[in-house]
Amino acid sequence: MELGTFIQSLLNGLSIGSVYAIFALGYTLIFSILGIINFAHGAVFTLGAYFTYFLIGGVNNGTGVLTNLGLPFGLPFVLATLLGSLLAGGVGVILDRMAFRPLRARGADPLLALVLSLGLALLLVNLAQYLIGAEILSFPSNVYGDWLPPAINFGSTENPIPVRGVQIIIFTVSMFVVVILTLLINRTKIGKALRAVAENATTANLLGISTERFILFTFFLSGFLGGLAGTLVATSFSISGPYFGVTYGLKGLAVIVLGGLGDIPGAVVGGLVIGLAEAFVPGDFSAYKEAVAFALLFVILLVRPQGLLGRKVIQKV
Amino acid sequence: MLELKNLCVNYGGIQALKDVSLTVKTGEVVCLIGANGAGKSTTLRAISRIIRPKSGSIIFNNTDVSRFEAAHVVRLGIAQSPEGRQVLSRQSVRDNLEMGAYVRNDNEINADIDLQFQRFPRLLERQNQLAGTLSGGEQQMLAIARALMSRPKLLLLDEPSLGLAPIIVKEIMGIIDTLRESGMTILLVEQNARLALQHADRGYVLEAGNLIFDGNAKDLLDDPRIKKAYLG
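Chains F and X are the protein sequences, given in the same order. Okay, so the first sequence: first residue is 11 according to the working numbering, each after it adds one. Okay, so the second sequence: first residue is 544 according to the working numbering, each after it adds one.
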């Protein structure tokens, strides 16, 4: 492989991998607190992208009930992304309050919560299809502003190594979010309390930490990350319809299992590894790109069943 | 300070506590002794609202504790060092202490952490270590120090001597004596009855969920019935 292609694949891989990472962190946060996989996370990803699309003033060209409708105003993209992600966080909060929390209050088996999350995913996806339609919605190509060139040349004029400007933005934003989240969780009182709840809810209670409040916060944070990831991916490609998040939802699962379930650095490493692996799939085999994540997962779990960074669980009998 | 009236707790289908009534006065060290499974830890868990009693009341400084969620009980001034220590094993010793002060918002938290380090110099040496890597004795010290970080009015200690070497037990009981001299009110649960009675003002004896004896610690130490059943 020549150097130019290598650098190009590397940058593309880091870019998509960093989105996988922030998306997967949404799964990881909920898993580490509740021990459940929230299958509705992929749907929240889709909703986040829709929210931002409409907040910048996008019109629905889908054939759903709300066809040809849009908001009477358009926000600047940065603000819309922030608000759209906050709304996705709000969806997370609603899901917990209306669905997961009542189950918890009855002391239901975590398996039920998992099945419930599958149902919620279908509900959200179908609701989006009903309201918006199944058509593709695309962000304007200059959504980040005209200052951002469509492609940035990382090589010389003779040997150009073009990388799309959007990819650079996505990588920067995602890594920024990863750093902020890491600081939040490791350095702040809220983060330490969150980790206390994750480690032992009863002990957290004895210290005066309200478990329910932190579960709600976790759902918000998870939804925010999912919605932001959805928006970022949608600006790079487009919103392919209500099922937009399904592939990412599955890939996100591969990411967290690969990195180690419930492990925050693991989700980041897992995301980057899968993003890079996909980017280095030769062009002739690009049809098999979607399978790479799972092939990689299979191989790595054979060697390290606890995931890349996961802790070995020692079952004491 | 603390008054339990006719407390009944059902736990996993069995009646773990039957009509338990006891009082702890300000500045007292009261111990609750009894065999394994007698309901000692259950009593402390009920006070901290980790489990819900079936009936009876828990009054703390004229406030009915049952009106509050578990997480709020610490704010009332009741802190617990739980059975099995339950340190946050994946966080540093210092972070554990900070979490002990979770309910506080004042600016004396760091000063209080230093105070705990004076009390338990071994924790100072290990302040940046993950709590899970500490020895059992050090974890017990951390659990007590963490409970003290909330500046409680009442300290609940659940089996602080459990599984520890005699020399460490001595050190920990020394700390309890120091706390007692400084005026801290303590409800101490112990399986080691002699040890507990030696360091307490008064004692209660639990047997299969019933309180069967109570009295001054010294009297209980000399009571032939207690000697026979609990002091071996």
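Source of the hints: derived by calculation from the structure; they are not laboratory data. The C-beta atom is built at its ideal place from N, Cα and C for all residues, glycine as well. Accuracy of the hints is not assured; some may be wrong.
Claimed, not checked - Now the in silico label distances, taken between C-beta atoms and shown as ranges:
{"no.": "1", "chain 1": "F", "residue 1": "Ile200", "chain 2": "X", "residue 2": "Leu705", "range": "31 to 37 angstroms"}
{"no.": "2", "chain 1": "X", "residue 1": "Lys597", "chain 2": "F", "residue 2": "Arg223", "range": "26 to 32 angstroms"}
{"no.": "3", "chain 1": "F", "residue 1": "Asn196", "chain 2": "X", "residue 2": "Ser564", "range": "54 to 60 angstroms"}
Cross-check of the supplied hints:
In this structure the supplied range 31 to 37 angstroms holds for isoleucine 200 of chain F paired with leucine 705 of chain X, their Cβ-Cβ distance being about 33 angstroms. Checking the proposed 26 to 32 angstroms range against lysine 597 of chain X and arginine 223 of chain F shows it holds: the Cβ atoms sit about 27 angstroms from each other. Distance hint for asparagine 196 of chain F and serine 564 of chain X: a CB-CB separation of about 46 angstroms, inconsistent with the stated range 54 to 60 angstroms.
Going down the numbered hints, you'll see the structure goes against just number 3.
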